[in-house]
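Colleague: Starting from the given sequences, assemble the full structure and let the hints guide the process.
In case it helps, the working numbering puts the sequence shown at residues 1001 to 1654.
For the record, the hints were derived by calculation from the structure and aren't laboratory data.
Careful, some of the hints might be misleading.
To be verified - Label-pair ranges, simulated between beta-carbon atoms:
id, residue 1, residue 2, range
1, P1395, S1435, 47 to 55 Å
2, E1519, T1464, 40 to 48 Å
3, T1416, G1257, 46 to 54 Å
4, P1639, K1354, 38 to 46 Å
5, D1211, V1283, 22 to 30 Å
6, E1519, K1609, 21 to 29 Å
7, E1083, Y1255, 34 to 42 Å
8, R1375, K1256, 48 to 56 Å
9, E1520, E1560, 25 to 33 Å
10, E1380, V1283, 41 to 49 Å
11, E1083, Q1267, 38 to 46 Å
From the three backbone atoms N, C-alpha and C, an ideal C-beta is built for every residue, glycine too.
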Amino acid sequence: MKTDKTKTDIKIRNGKTKPALSGVQNNETTNEKYEMRNTETNSVLSDAQNVGIQNSANTSGKANGNSEMRNSETNEISYEFSEILKRVEKPARYTGGEHNLPDMQKKAAVRFCMCFPETYEIGMSNAGLSLLYAVINARADFIAERCFAPWTDFAAEIRQRGVPLMSVETKKPLKDFDILGFSVQHELIYTNVLYMLDLAGIPFRAKDRDDSYPILIGGGPCCVNPMPYADFFDAVLVGEGENALVEFGELYKKYKGNKTEFLKAAQKIRGFFIPSLSDEKTVVRKAFVEDFDASIPPLKPLVPNIEIVHDRAVVELYRGCRSGCRFCQAAFFYRPIRERKKQTVKDIIFELIKNTGFDEITLASLSTSDYSCLRDLMNEIKPELAARHINLSLPSLRLDSFFAEYTDASRKSSLTFAPEAGTQRLRDVINKNISDENITQSITRAFNAGYRSVKLYFMIGLPTETETDILGIVEIVKKIRALYREICRNNSLNITVSTSVFIPKPLTPFQRERMISEEEAAAKQNLLKNTLNAMKGVRYHYHDASSSRLECAMARGGAELSKVIETAYRKGCFFDAWSEKFDQKKWDGAFKECGIGFGAYLDEIGEDKKLPWEFIDFSVRHDYLEYERKKAYTGKTTPGCFEECNHCGAECGF
1001 MKTDKTKTDI KIRNGKTKPA LSGVQNNETT NEKYEMRNTE TNSVLSDAQN VGIQNSANTS
1061 GKANGNSEMR NSETNEISYE FSEILKRVEK PARYTGGEHN LPDMQKKAAV RFCMCFPETY
1121 EIGMSNAGLS LLYAVINARA DFIAERCFAP WTDFAAEIRQ RGVPLMSVET KKPLKDFDIL
1181 GFSVQHELIY TNVLYMLDLA GIPFRAKDRD DSYPILIGGG PCCVNPMPYA DFFDAVLVGE
1241 GENALVEFGE LYKKYKGNKT EFLKAAQKIR GFFIPSLSDE KTVVRKAFVE DFDASIPPLK
1301 PLVPNIEIVH DRAVVELYRG CRSGCRFCQA AFFYRPIRER KKQTVKDIIF ELIKNTGFDE
1361 ITLASLSTSD YSCLRDLMNE IKPELAARHI NLSLPSLRLD SFFAEYTDAS RKSSLTFAPE
1421 AGTQRLRDVI NKNISDENIT QSITRAFNAG YRSVKLYFMI GLPTETETDI LGIVEIVKKI
1481 RALYREICRN NSLNITVSTS VFIPKPLTPF QRERMISEEE AAAKQNLLKN TLNAMKGVRY
1541 HYHDASSSRL ECAMARGGAE LSKVIETAYR KGCFFDAWSE KFDQKKWDGA FKECGIGFGA
1601 YLDEIGEDKK LPWEFIDFSV RHDYLEYERK KAYTGKTTPG CFEECNHCGA ECGF
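Modeller: Below is the structure:
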């Protein structure tokens, strides 16, 4: 047993488990937050027993009778749950009871469970999950609970005891909900969906689930090409979910208990793809929120029980991206561009501070510095944030729009830029509209503003890339080091260079490109490693090519890959995004066992071949993407959306 460690872990956020916060020790709001967490979680084990397993009280009846449990069974499982918490490494992942928890006892016509196929720390950092959770719980007759992929220690305990996977809030078995919504964030998470269904006792494939099981929805960024995992879901939500998911829930009330008729009606809701009812004539239009300013995010988000990956409040400035980098799926998926008004953003910021006690606010978007009101907003909020000892974080700054005043409210620990390619020629190919001069100017401003550490992100394996482009990364590092010595008169600069392997993703101009082989990737990585690691103060990190190649196959494959995903899971593949868990040999075995060649998904896709995701209307036209690909090979760039409309089909209104 891990009793001593459990006691340590469950003392959430006392001074021993979180480093001292520089400059905020006297902040009443921040202190109140941590005292509140500590008070609430000291009794978390007894709370778990008191909450109990509420499926018998709160669940509508299921045809197979699973929802009705005798009181003796409920008490037994409640006791089992408290015993499980004593035996796992991080019990606070599973206890619930966070500050700002919505009313879980209200009478509800529809009960959702928002399932995130990753650990609590990652799922609680996801702004989309927080948003949909708040939107659903704001409805008078809807309740949304959460479930995260449990770590292997917790999974082993519930398997041993025959306890099904349950929600965090009320410990209700997943199979007793009306609707389960899975957030599919990236391709290496597909087996985690099956992992959660397995632990919940729910059949993997929609065709094997009768009306006694919940409706399963898949959504998130991977809905760009839902075909590899579509057979596991009753419905896939393509696009933004704030409005579409509510409409789905309202329709469910009308057809509750008749899955067949409900799904027929649901396919008329914009954004919903119903795999079992689709054919060659199916067209699905992406759902999106037209009036983004009126879409208010959660103003009382849950304050997590333990430190999470992004442990801060997040405010989304706008959706979309002006830039149109030809490798970037998000830049095209989230069009049209929609901004929040400056006053709306200000109101959200100070409501979040009041309701959470977070000591850091992140202003988020795909390219934060492209927000049209950013400079005015910063000038207005910085004095009050400084007075409250609140740190301001601005991720995703473009190299051509870096200004010191954007960051002087932040901790000057490290600045992150993403040139993506080492030469101007290759940056023009990928439409990364930044110049060598932009890099020099922005880095100079950063050093003059006090930054002494720089992180640089690049991709290798981009279309038309040569060895000269790879060595261009080294030249950029040399130039930055020389600038630092000139400005700061010393050699204390730290530079971290990270490279990932280019993956041709759907809904990008490069969606038909080939992906480089593992041997090619290794050669490029070794070239950089041998040159960069020889430089003082420079560190080089690179991403494993084998998992990237699997990601490519899953991103561009069709419905046939569902068989591979299921086979891989049965061989023991899950948590594939964790390097220590990823097993390429098991995946190779799964492809071979299913008689499917892995390499075909990595080769160039001919222009005459239909793509699996072409039935989806993303508003960005497919012929526009092909046009942009042709421009890439001539080295011609396309101006950003704020400069002129490029008529991609998204109707941004600029």
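Colleague: Is it true that D1211 and V1283 lie within 22 to 30 Å of each other by Cβ?
Modeller: Taking Cβ atoms as reference, D1211 and V1283 lie about 28 Å apart, which means the hint holds.
Colleague: Please check whether E1083 and Y1255 have a Cβ separation lying inside 34 to 42 Å.
Modeller: For Y1255 against E1083, whose Cβ atoms are near 40 Å apart, the range 34 to 42 Å holds.
Colleague: Does the hinted range 46 to 54 Å hold for T1416 and G1257 at CB?
Modeller: Since the Cβ atoms of T1416 and G1257 sit about 51 Å apart, the hinted range of 46 to 54 Å holds.
Colleague: Does the beta carbon distance between E1519 and T1464 stay inside 40 to 48 Å, or does it fall outside?
Modeller: Violated, at about 19 Å.
Colleague: Determine whether the Cβ-Cβ distance between E1519 and K1609 falls within the hinted range of 21 to 29 Å.
Modeller: Taking Cβ atoms as reference, E1519 and K1609 lie about 26 Å apart, which means the hint holds.
Colleague: Taking 38 to 46 Å as the stated bounds, is the beta-carbon spacing between E1083 and Q1267 within them?
Modeller: 45 Å, holds
Colleague: Assuming the hint says 25 to 33 Å, is it satisfied by the Cβ distance from E1520 to E1560 or not?
Modeller: The hint (25 to 33 Å, Cβ to Cβ) holds, given that E1520 and E1560 are roughly 27 Å apart.
Colleague: Can you tell me whether the CB distance of P1395 to S1435 sits inside 47 to 55 Å?
Modeller: 22 Å Cβ-Cβ, so the 47 to 55 Å window is violated.
Colleague: Range hint 41 to 49 Å: satisfied by the CB atoms of E1380 and V1283?
Modeller: 45 Å, holds
Colleague: Is 48 to 56 Å respected by the C-beta to C-beta distance linking R1375 and K1256?
Modeller: For K1256 against R1375, whose Cβ atoms are near 51 Å apart, the range 48 to 56 Å holds.
Colleague: Note whether the CB distance of P1639 and K1354 lies within 38 to 46 Å or breaks it.
Modeller: 41 Å, holds
This entry does not satisfy hints 1 and 2, going by the numbered hints stated previously.
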